[in-house]
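Fit chain to chain and form the complex, with the hints in mind.
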Amino acid sequence: MPKRTPLYDAHVAAGAKMVDFAGWDMPIHYGSQLEEHHKVRRDAGMFDVSHMRAVDITGSDAQAWLRRLVANDVAKLNLPGKALYSCMLNAEGGVIDDLIIYFFSPNRYRIVVNAGTADKDLAWMRKQTDGFAVTIVDRPELAMIALQGPNARAKFWAAFPEAKPASDPLIVFQAAQWNDWLIARTGYTGEDGFELTLPAADAPATWNRLLAAGIAPIGLGARDTLRLEAGMNLYGSDMDETTLPTESGLTWTLDLKDAGRDFIGKAALAAHPPQRQLVGLLLEDRGVLRSHQHVFTKQGDGDITSGSFSPTLQRSIALARVPPGVNIGDEVAVEIRGKRLKARVVKANFARHGKALI
Amino acid sequence: MSIPSTLKYTKSHEWVKLEADGSVTVGITDHAQEALGDIVFLELPDTGRTVKAGEECAVVESVKAASDIYAPVSGQVVARNEAAVDTPESVNQDAYSAWLFKLKPSDPGELAALLDAAGYAAVADEH
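For the record, the sequence lines run as chains A and B.
Take the position in the first sequence, starting the count at 1, then add 59; the result is the number in our numbering.
Take the position in the second sequence, starting the count at 1, then add 43; the result is the number in our numbering.
Isolated chain B (complex conformation) (with noise of 0.2 Å):
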């Protein structure tokens, strides 16, 4: 199982990398995509939508089951990533390049509150 050090991430199994403009990437993590199995659909946010943080905002759904993906830090929807729209199975084989949706954040305050790759290991483990 990988967790990079380099990003953040929440208890909902999705990763967080902070941009340089102040924006987020967000993904799903290695362990997450693992437990889904074959993942074969992807319905992402659109673009200006915007969301609050923990609200429900994609799903991933794999041959077994459609899982729930949660906005990890409210802000506004600024892109979609259409490649792993067209690619499902690109997210089981790089989780952490395979990008699902980018926020601009609303409240920066909230990103202190997400976790960093040690407390996900153990949020990890549990599950």
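Looking at chain A on its own, in the form it has when it is part of the complex (with noise of 0.2 Å):
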């Protein structure tokens, strides 16, 4: 039987269409997945991410196991809550994972990673520490809130007025602690927001209030749509441990800039240049891009890995991995029922902060 989170009294009192997912009863949608979307696009939503796992890292070798363990370096954070996103690599270069590590200070750090992996995760981080002074924490008990939209801060502190002295000097992707709860500038929509970390029992109560102060819940299918709208990878979809970052959109992540630190995957990456690149879609004809549809390039194949219908765009979107060469502006084509249909090469970021990219 699929894992509940502390809301999901929550959900199924707001009528929503509960599904699967990673192992976890999640809502999909509470009633119209487009409208959900728009919400956030224009005003304000919040999801259920408490699948999600917070792992506490602590120990005097902190900071040096993170930058082996990690591809992105954590060394270059020193304002205290600032946030990274990176890939965790296996030696051959692939992605077991990414995630968002918070800092707190060089012994004390937190990551957060995805639901479905989150065991696999655990299991590899706790492999790597052999001569590090570092203590890995599994917080599972933890319940997270994601605010997103144009008023989701404002909303925030109309519902938690006495949150605001703590979160209001926040800059993008820097978290504060207050009281208990960690509250992030982070998201994964491309509006502004905050994700709260919350003890599990405040959960359903902090859910109400923000309900009540007219912030939208917001199911995982919209989450999908937004994510794939702002550019952003989906981790088993977009990338997986077969994959290279630098084949997968995500070379801006890889920090080189230390010659002297060696992180798991370096020296696979340097060895293999990327045989692939993923790539924005825009399809021109009428249908709708899915995963796994198969496109044709001047310079190869390859395959859509995200696509779905963009209700900012009210067009047909993808994420797809084609040859290198494949340039910004080409005409590809997908299969899509038997039928060839014409698509174009787009930068992936189609839509944020309210508004159509492309």
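Just so you know, these hints were derived from the structure itself, not from any lab.
Among these hints, one or two may not hold up.
[To be verified] Examples of chain A residues toward chain B, derived with CB under 7 Å:
#: 1; residue: 91
#: 2; residue: 92
#: 3; residue: 93
#: 4; residue: 347
#: 5; residue: 368
[What the hints assert, rightly or not] Straight-line distance between alpha carbons at most 30 Å, and here's what the computed DSBU-like set of lysine-lysine pairs gives:
#: 6; chain 1: A; residue 1: 76; chain 2: B; residue 2: 54
#: 7; chain 1: A; residue 1: 141; chain 2: A; residue 2: 179
#: 8; chain 1: A; residue 1: 179; chain 2: A; residue 2: 316
#: 9; chain 1: B; residue 1: 145; chain 2: A; residue 2: 398
#: 10; chain 1: A; residue 1: 398; chain 2: B; residue 2: 95
#: 11; chain 1: B; residue 1: 147; chain 2: A; residue 2: 398
#: 12; chain 1: B; residue 1: 54; chain 2: A; residue 2: 398
[As the list claims (entries may be wrong)] Sample of chain A residues lacking proximity to chain B, with all beta carbon distances greater than 12 Å (derived):
#: 13; residue: 117
#: 14; residue: 224
#: 15; residue: 314
#: 16; residue: 323
#: 17; residue: 332
#: 18; residue: 346
Backbone N, C-alpha and C define an ideal beta-carbon position, used for all residues, glycine too.
Given below as structure tokens:
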């Protein structure tokens, strides 16, 4: 039987359609995925992301250990609460997971990982601790609520005015401790907002207070179309252990500035130039792009890794893995039910901050 | 869930209206549109195409997924609803007004195999 978050009863009470997602019983929508999508782009919505896992890292070698564990470099973090997006690679350079690391001090960090990979990630992390003074504490008991949208912060402060002094000064990708909550100015939609990490016991009352402040509950369906419009990868669809970050649009997350730093997967990346690249596609004909559809380019074939109808653009968009040499602006063909439809290669950044970017 | 008693149905969630001129109008049921979620694209058969009962002949795509629509009886496609193609959300708004296509049945005997409202209600309950 799938696991339930502390907000399960709240979802059922709100009329959610529940589905199994990565072993969790989660809301896919509360009536209309499209309306929920627009609510986040235009106003404010909230997602239960308690299925994601927080992992606390402490110890005198915490920084040194993370500099080896992940491909981005935590040494560049010096503002307390500042966050970093990174891939955790295997020795072959494949992506074990993508994660966010919050910095509190060089001997204290928090990592947030994907739900479906959490157990695998923890097992991998624990295997890498030899010779490091580091403690890994799994925090499955914590709940997480993501508030996203142009009005999300203002509505949060209307519901929790007492949290404003701690959270108002936050810059993008920075978090602050407030009592036993962590309030982070992060998200997965391309909109401004906060992600709250809090004790499970606080979650239902917090959710209801946010609901009363006019923040609409949003399901995982809209979460997927929002992140796709923002050009953000989904682990397991757009990258996995068989793909290099350089083949997944994530070269920007590799930090090679410190030649003396040896992170897991670094040697493999140096030895294996990317054989493919991840690009954005905009369908020019009518139809809907979906994952696994075949893409034909002048340079060779590829596949769609994520595709959907974009509610903001009112067109179909996708992320696709294609041969190197395919350029932005190129015309390609996508096979849908035996027909080849016309699509254009675009920058994988379709809509953010309420606006279409294509 | 609405299941008008004036219509006939298939197990694959199409509704069928028997018209006075002997043609049939086909759409998807309220139960089907609800299960699919927000509909964003329709691919309808060309007029003049001949289809067999049970043949895939249209596609309804929601934000979530693509679903095949089957011909409820054999015959020739005589009309397609271009207005629904332009406004796919009309199928969510009223599944029984937003028809998809019309067929001229080649074997009117097949009509007897369609479900009535009570028969379809039992099918819809299982899914």
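Here is what the structure says about each hint:
no.	hint	verdict
1	91	holds (6 Å)
2	92	holds (5 Å)
3	93	holds (4 Å)
4	347	holds (5 Å)
5	368	holds (4 Å)
6	A:76 to B:54	holds (23 Å)
7	A:141 to A:179	holds (26 Å)
8	A:179 to A:316	holds (29 Å)
9	B:145 to A:398	holds (24 Å)
10	A:398 to B:95	holds (22 Å)
11	B:147 to A:398	holds (27 Å)
12	B:54 to A:398	holds (28 Å)
13	117	holds (42 Å)
14	224	holds (40 Å)
15	314	holds (36 Å)
16	323	holds (37 Å)
17	332	holds (36 Å)
18	346	violated (6 Å)
Violated hint for the displayed structure: number 18, the only one.
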